[in-house]
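Engineer: Protein chains in written order, with our numbering: chain A, 77 to 218; chain B, 46 to 201.
Hint data in this document are derived by calculation from the structure and do not stem from the laboratory. Hints may contain errors.
[Said to hold, decoys possible] Mimicking DSBU-like on lysine-lysine, the simulated pairs with C-alpha atoms at most 30 Å apart in a straight line are:
1) 147(A) - 125(A)
2) 84(B) - 48(B)
3) 123(B) - 109(B)
4) 204(A) - 48(B)
5) 114(A) - 125(B)
6) 147(A) - 114(A)
7) 204(A) - 149(A)
8) 109(B) - 114(A)
9) 84(B) - 204(A)
10) 48(B) - 121(B)
11) 84(B) - 109(B)
12) 129(B) - 147(A)
13) 149(A) - 85(A)
14) 109(B) - 125(B)
15) 149(A) - 109(B)
16) 204(A) - 109(B)
17) 125(A) - 125(B)
18) 123(B) - 114(A)
19) 151(A) - 204(A)
20) 204(A) - 114(A)
21) 166(B) - 121(B)
22) 84(B) - 114(A)
23) 149(A) - 125(A)
24) 125(A) - 204(A)
25) 85(A) - 166(B)
26) 129(B) - 109(B)
27) 85(A) - 125(B)
28) 114(A) - 129(B)
29) 109(B) - 166(B)
30) 166(B) - 149(A)
31) 149(A) - 129(B)
32) 129(B) - 85(A)
33) 109(B) - 121(B)
34) 147(A) - 85(A)
35) 109(B) - 147(A)
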Amino acid sequence: MNIQMHESKLIYLPPILATFREEGISIPFIMHSFFPPKLITITLTLDQKDMAIGQVAFQEGLDISPPEFLKIKRKVVLIIIYGPHLGEIPGVVSRLHKLLSQEGVEILAMSASLNSCLLVIQDLFLPKANRAFAQIFEIPQG
Amino acid sequence: MAKIRVAGIRQMENLALITIAPFPLSSYHLEYILSPLAKNGINLEFIAAQGASPDNMGLAIALKRAHIAAAVGILKEKRKIWPKGEIYYQEGVGMISLFPHGKRAAIISNFLSALQEAGIKPLALNLSLAAVCAIIEEIYIPQALNSLSDYFYLAG
Numbered sequence: 077m078n079i080q081m082h083e084s085k086l087i088y089l090p091p092i093l094a095t096f097r098e099e100g101i102s103i104p105f106i107m108h109s110f111f112p113p114k115l116i117t118i119t120l121t122l123d124q125k126d127m128a129i130g131q132v133a134f135q136e137g138l139d140i141s142p143p144e145f146l147k148i149k150r151k152v153v154l155i156i157i158y159g160p161h162l163g164e165i166p167g168v169v170s171r172l173h174k175l176l177s178q179e180g181v182e183i184l185a186m187s188a189s190l191n192s193c194l195l196v197i198q199d200l201f202l203p204k205a206n207r208a209f210a211q212i213f214e215i216p217q218g
Numbered sequence: 046m047a048k049i050r051v052a053g054i055r056q057m058e059n060l061a062l063i064t065i066a067p068f069p070l071s072s073y074h075l076e077y078i079l080s081p082l083a084k085n086g087i088n089l090e091f092i093a094a095q096g097a098s099p100d101n102m103g104l105a106i107a108l109k110r111a112h113i114a115a116a117v118g119i120l121k122e123k124r125k126i127w128p129k130g131e132i133y134y135q136e137g138v139g140m141i142s143l144f145p146h147g148k149r150a151a152i153i154s155n156f157l158s159a160l161q162e163a164g165i166k167p168l169a170l171n172l173s174l175a176a177v178c179a180i181i182e183e184i185y186i187p188q189a190l191n192s193l194s195d196y197f198y199l200a201g
């Protein structure tokens with residue numbers, strides 16, 4: 077789910093997320109940044125079964141209406157790459173994207189900090205993404 | 046309000062934030078600009094790439110303040126692949142990371158509430174496997190930590 081709103085509406089975000097907590101909805105991925113200027117872009121992933129409630133919570137909480145400011149993509153997958161020393165090695169993310177680019181994987185969002193990197197892609201790209209990961213990382217089996 | 050137990054809170058200072066917007070979000074473009082940064086030994090402490098539509102994407106990266114001049118120089122050299130985009134940068138920022146034990150919606154809600162209560166605008170925010178990370182102006186880190194202590198307590 078992708079939401080774009082004026083930065084003054086940021087104050088409504090905690091109560092909306094409190095609703096998620098009350099409804100028992102987990103948020104595996106969320107990020108927000110301030111671009112374009114004066115606007116906030118929020119990207120979050122939810123389980124498909126929680127999407128309807130999530131959509132209503134944001135629409136009512138922010139008083140916005142789709143499709144202008146709230147966009148939903150279904151059938152996406154969240155990939156988490158975790159390595160204890162990932163954050164200390166320059167170039168991990170650039171190598172990752174080099175291989176994803178060669179495989180033709182389109183990404184919807186990504187974030188990286190500390191020792192993990194999170195990617196959101198359409199599920200149809202998962203086999204190609206896995207091929208890329210296998211070339212870069214020693215992935216534990218099992 | 047019940048405080049939420051967390052495994053830890055970490056702060057990083059002396060960072061700089063670079064935002065590029067609009068930026069075409071594709072692995073090709075990301076690799077094109079991140080690779081020369083890595084080759085020059087510039088490590089990125091924080092990356093957030095997202096957008097509402099393919100022509101309205103943005104990229105935010107945080108790195109050590111000592112690397113800002115080199116990084117901006119490299120990015121300007123690579124600018125031809127995103128001719129419409131602007132490079133914004135801000136020095137004097139820091140990162141606060143909170144290590145939760147689950148309850149993600151509650152953690153993020155409280156995290157943002159704590160920053161709001163302290164009058165702090167997060168410049169960028171992301172969620173990794175182990176932590177919620179926010180980039181804020183460095184001068185506000187003490188207030189942020191103080192406010193976070195009203196919403197969270199450390200395990201043990």
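Engineer: Decide, hint by hint, whether the structure agrees.
Structural biologist: These are the hints, each one checked on the structure:
Proximity of residue 147(A) to residue 125(A) is assessed by CA-CA distance (about 17 Å); at most 30 Å being required, the pair is judged to hold. Distance hint between residue 84(B) and residue 48(B) is unfulfilled; the C-alpha atoms sit about 44 Å from each other, more than 30 Å. With a C-alpha separation of about 20 Å, the suggested pairing of residue 123(B) with residue 109(B) holds against the 30 Å cut-off. Using a Cα cut-off of 30 Å, the hinted pair residue 204(A) and residue 48(B) is violated, with the two alpha carbons roughly 43 Å apart.
The hinted pair formed by residue 114(A) and residue 125(B) meets the criterion: a straight-line CA distance of about 26 Å does not exceed 30 Å. Straight-line distance between C-alpha atoms of residue 147(A) and residue 114(A) comes to about 19 Å, which keeps the hinted pair within the 30 Å bound. Taken as a hint, the residue 204(A) and residue 149(A) pair is honoured in the structure, with Cα atoms around 19 Å apart against an allowance of 30 Å. Taking the CA atoms of residue 109(B) and residue 114(A), the gap is about 26 Å. The hint holds against a cut of 30 Å.
The hinted pair formed by residue 84(B) and residue 204(A) meets the criterion: a straight-line CA distance of about 26 Å does not exceed 30 Å. Only pairs whose Cα atoms come within 30 Å are accepted, and residue 48(B) paired with residue 121(B) is rejected, the gap being roughly 45 Å. Our distance criterion of 30 Å between C-alpha atoms is met by residue 84(B) and residue 109(B), whose separation comes to about 16 Å. Restraint check for residue 129(B) and residue 147(A): satisfied, since their Cα atoms lie roughly 23 Å apart, inside the 30 Å limit.
At most 30 Å may separate the alpha-carbon atoms for a hinted pair to count; residue 149(A) and residue 85(A) meet this at roughly 23 Å. With a C-alpha separation of about 25 Å, the suggested pairing of residue 109(B) with residue 125(B) holds against the 30 Å cut-off. The hinted pair formed by residue 149(A) and residue 109(B) fails the criterion: a straight-line CA distance of about 35 Å is larger than 30 Å. Between residue 204(A) and residue 109(B), the direct Cα distance comes to roughly 33 Å. Violation of the 30 Å bound is thereby established for this hinted pair.
About 42 Å separates the Cα atoms of residue 125(A) and residue 125(B), which puts this hinted pair outside 30 Å; it is violated. Distance check on the hinted pair: residue 123(B) and residue 114(A) sit about 26 Å apart at the alpha-carbon level, within 30 Å; holds. Pair hint residue 151(A) plus residue 204(A) holds up; C-alpha atoms about 16 Å apart against a cutoff of 30 Å. Distance restraint check for residue 204(A) and residue 114(A): the Cα-Cα separation of roughly 37 Å exceeds the 30 Å cut-off, and the hinted pair is therefore not satisfied.
Between residue 166(B) and residue 121(B) the CA atoms are separated by roughly 27 Å; this keeps the pair inside 30 Å, and the hint holds. Using a Cα cut-off of 30 Å, the hinted pair residue 84(B) and residue 114(A) is violated, with the two alpha carbons roughly 34 Å apart. For the hint pairing residue 149(A) with residue 125(A), the CA-to-CA distance comes to about 13 Å; that is within 30 Å, so the pair holds. At roughly 26 Å between alpha-carbon atoms, residue 125(A) and residue 204(A) fall within 30 Å of each other, so this suggested pair holds.
A hinted pair counts as satisfied when its Cα atoms are at most 30 Å apart, and residue 85(A) with residue 166(B) qualifies at roughly 12 Å. At roughly 26 Å between alpha-carbon atoms, residue 129(B) and residue 109(B) fall within 30 Å of each other, so this suggested pair holds. The hinted pair formed by residue 85(A) and residue 125(B) fails the criterion: a straight-line CA distance of about 34 Å is larger than 30 Å. With a CA separation close to 18 Å, the supplied pair residue 114(A) and residue 129(B) stays within the 30 Å bound.
Our distance criterion of 30 Å between C-alpha atoms is met by residue 109(B) and residue 166(B), whose separation comes to about 21 Å. A hinted pair counts as satisfied when its Cα atoms are at most 30 Å apart, and residue 166(B) with residue 149(A) qualifies at roughly 28 Å. For the hint pairing residue 149(A) with residue 129(B), the CA-to-CA distance comes to about 26 Å; that is within 30 Å, so the pair holds. Distance check on the hinted pair: residue 129(B) and residue 85(A) sit about 27 Å apart at the alpha-carbon level, within 30 Å; holds.
A threshold of 30 Å between alpha carbons decides the hint, and for residue 109(B) with residue 121(B) the separation of about 18 Å falls inside it, so the pair holds. Only pairs whose Cα atoms come within 30 Å are accepted, and residue 147(A) paired with residue 85(A) is accepted, the gap being roughly 17 Å. The straight-line distance between the Cα atoms of residue 109(B) and residue 147(A) is roughly 34 Å, outside the 30 Å bound, and the hint therefore fails.
Violated hints, listed in ascending order, are 2, 4, 10, 15, 16, 17, 20, 22, 27 and 35; each of the other numbered hints is respected by the structure.
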